[in-house]
Structure formats: structure tokens, C-alpha cells
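> Here's the letter readout for the chains.
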Amino acid sequence: MKLRHDIVALIAGLLFGAGLALSGMVNPGKVLGFLDLFAIPAGGWDPSLAFVMGGALLIAVPAFALSRRRAAPVCAETFHLPEKQAVDRALILGSALFGIGWGLVGFCPGPAIAALGLDGWQAPLFTLAMLAGMAAKDRWVG
Amino acid sequence: MANFTPIASLLGGMLIGAAAALLLLANGRIAGISGITAGLLSPQAGARTWRVLFLAGILVGAFVANRLGFGPLPEIAASWPLIILGGLLVGFGTRLGGGCTSGHGVCGLARLSPRSLAATAIFMAAGVATVLVLRHLIP
Chain Z
1 MKLRHDIVAL
11 IAGLLFGAGL
21 ALSGMVNPGK
31 VLGFLDLFAI
41 PAGGWDPSLA
51 FVMGGALLIA
61 VPAFALSRRR
71 AAPVCAETFH
81 LPEKQAVDRA
91 LILGSALFGI
101 GWGLVGFCPG
111 PAIAALGLDG
121 WQAPLFTLAM
131 LAGMAAKDRW
141 VG
Chain R
1 MANFTPIASL
11 LGGMLIGAAA
21 ALLLLANGRI
31 AGISGITAGL
41 LSPQAGARTW
51 RVLFLAGILV
61 GAFVANRLGF
71 GPLPEIAASW
81 PLIILGGLLV
91 GFGTRLGGGC
101 TSGHGVCGLA
111 RLSPRSLAAT
121 AIFMAAGVAT
131 VLVLRHLIP
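Residue numbers (this note's numbering), protein chains in the order written: chain Z, 1 to 142; chain R, 1 to 139.
Think of the hints as simulated: they come from the structure by calculation, not from any bench. Mixed in with the good hints there might be a few duds.
Computed footprint of chain Z on chain R, listed as stretches where at least three residues anywhere in the stretch have a Cβ under 8 Å from a Cβ of chain Z [stated by the list, open to error]:
#, stretch
1, 9-18
2, 24-37
3, 57-65
4, 122-135
Every residue, glycine too, gets a C-beta built ideally from N, C-alpha and C.
All chains, full assembly: derive it from the sequences and hints.
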């Protein structure tokens with residue numbers, strides 16, 4: 001069970017990474033082209049990322065619906081799902097800070113890791129700073 | 001519309017959704033990259049092996065797909081101080097907010113979580129506002 005569980009994690013990661021590459025998410029220039037809504041009047045907006053989100057939800061929505069009808073996952077004992085329900089200050093402030101960082105560079109966590117093996121020094125530098133930011137949150141906020 | 005790639009982006013998105021579906025139905029885990037990564041930093045987070053394998057899979061999967069000619073290479077206009085600032089904000093913010101584009105944006109929306117809907121609306125709006133300032137308001 002443990003071995004199968006870990007192999008599944010690897011396969012899921014490979015699929016995820018291939019999806020990030022194929023979809024264009026590994027390219028911060030493309031991500032910023034989507035976030036640049038104010039380029040719409042000039043015809044410079046790239047709506048591709050809405051299709052990434054749509055494609056992901058097309059598969060993920062039925063999968064989560066199916067998971068609700070099952071007592072346990074196939075290779076593990078329980079589902080580990082978030083239990084928090086409230087929209088609290090931490091969620092709002094954290095998401096806002098994340099969005100600002102995302103808009104500054106065009107990387108969010110998945111694409112930054114996916115781009116580590118591609119050209120350039122920027123993804124490794126961004127990922128190191130991201131890890132430092134995560135550690136800072138754990139240290140100062142808990 | 002510039003550089004629009006609807007088919008590749010839709011198919012890539014479906015691969016991301018399939019990865020999230022697999023991790024959920026087989027292992028019972030949310031495919032949230034910030035949470036999985038942060039779990040490696042904290043000592044009490046438990047099993048490390050699957051997290052390392054999942055993240056290594058992302059790196060290798062993207063590399064192989066890219067070298068086979070699927071998708072663009074990264075183009076990054078930000079200077080190094082901006083990259084460091086952006087990375088710090090993304091790391092701190094995703095932990096404080098409990099998720100990122102994958103955990104809240106894909107998995108959270110797929111499980112119809114109001115919390116994730118709020119988070120996604122906020123980080124999208126903050127991203128749009130930041131690009132507005134950088135591209136259109138700063139001369």
C-alpha cells in the first residue's frame with residue numbers, strides 16, 4: 001500500500017508538471033498576459049488561463065463528487081481534506097499578498113517548481129525566496 | 001487577443017485536473033502545491049516521501065513535456081529584486097491564506113468550498129491590480 005501510494009504521487013506529479021508545461025502556465029509572460037485585463041481594449045489580452053482553469057475543473061469537479069461517495073481512497077486509509085470553513089482575516093490577507101507576488105513576477109508555486117528544470121536562473125531564485133517566505137510564516141505566525 | 005492558445009491550455013488544464021483527481025481518489029490528498037511544499041519544511045508534517053516524489057514529478061514532467069515541444073519556455077521580465085520580493089510574498093501569502101492556485105483555485109473550487117472561492121477571487125483580483133499598476137500606471 002505504501003509503495004503504491006508513493007508511486008501514485010510520482011505519477012500525479014508527472015501529469016501535473018506536463019499539464020503546467022502544455023498549458024503555458026510555466027511561462028510567467030503568459031500568466032501576466034492573462035492578468036492584464038486592462039489590455040483588453042487594445043487587444044493585448046491572453047484569455048488562455050481561463051481555459052487551463054476550465055479544463056482542470058472539468059476533470060476535478062466529478063472526481064471530488066465521486067470522492068464524497070467513497071469511504072476511503074484506494075491507496076490510503078482516509079481522505080485528508082481541509083476542515084476550515086470560515087473566510088477569516090488570514091485567508092483574505094494571505095490571498096491578497098499571494099496575488100500581489102503572483103502579479104509581480106507571474107509565478108505561482110506549481111509553475112515555479114515546474115520551471116526549475118527549464119531555462120534561466122529566475123525560477124530557482126523565485127523558489128528559494130518562496131521557501132523563505134513559507135518558513136517566515138511558520139516562524140512568525142505559526 | 002494576444003498569444004491565445006485555447007486548445008493547448010484546455011488540454012494542459014485537463015492534465016492538471018487528472019493529476020488532482022488521481023491524488024485525491026488514490027491517496028486522499030488535495031493537490032495543493034504550496035501546502036505539499038510547506039509540508040516538507042515543517043518537522044511535524046509526517047510522511048515526506050510522497051511529497052518529494054510528487055514535486056519531483058512536477059519538475060520532471062514539465063521538463064520532458066517542454067523538451068518534447070509542448071508549451072513555451074519561461075519568459076520573465078521581472079528584475080532580480082522583484083523576483084525575490086515576489087517569491088517571498090507568494091510563499092508567505094499562500095501559507096497564511098492556506099493555499100494557492102492549485103489548492104484553492106482548482107481543488108477548492110472543485111469541492112465547492114466558499115473559502116476557496118473567496119481566496120481565488122482575492123488572489124486573482126490582487127494579481128490583476130498588481131499588473132495594472134506595473135504595466136499601466138507606472139510610467
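> If a hint holds in the structure, say so; if it does not, say that too.
A quick look at each hint next to the structure:
no.	hint	in the structure
1	9-18	holds (count 10)
2	24-37	holds (count 11)
3	57-65	holds (count 9)
4	122-135	holds (count 13)
Against the hints set out earlier in the document, no violation occurs for any number.
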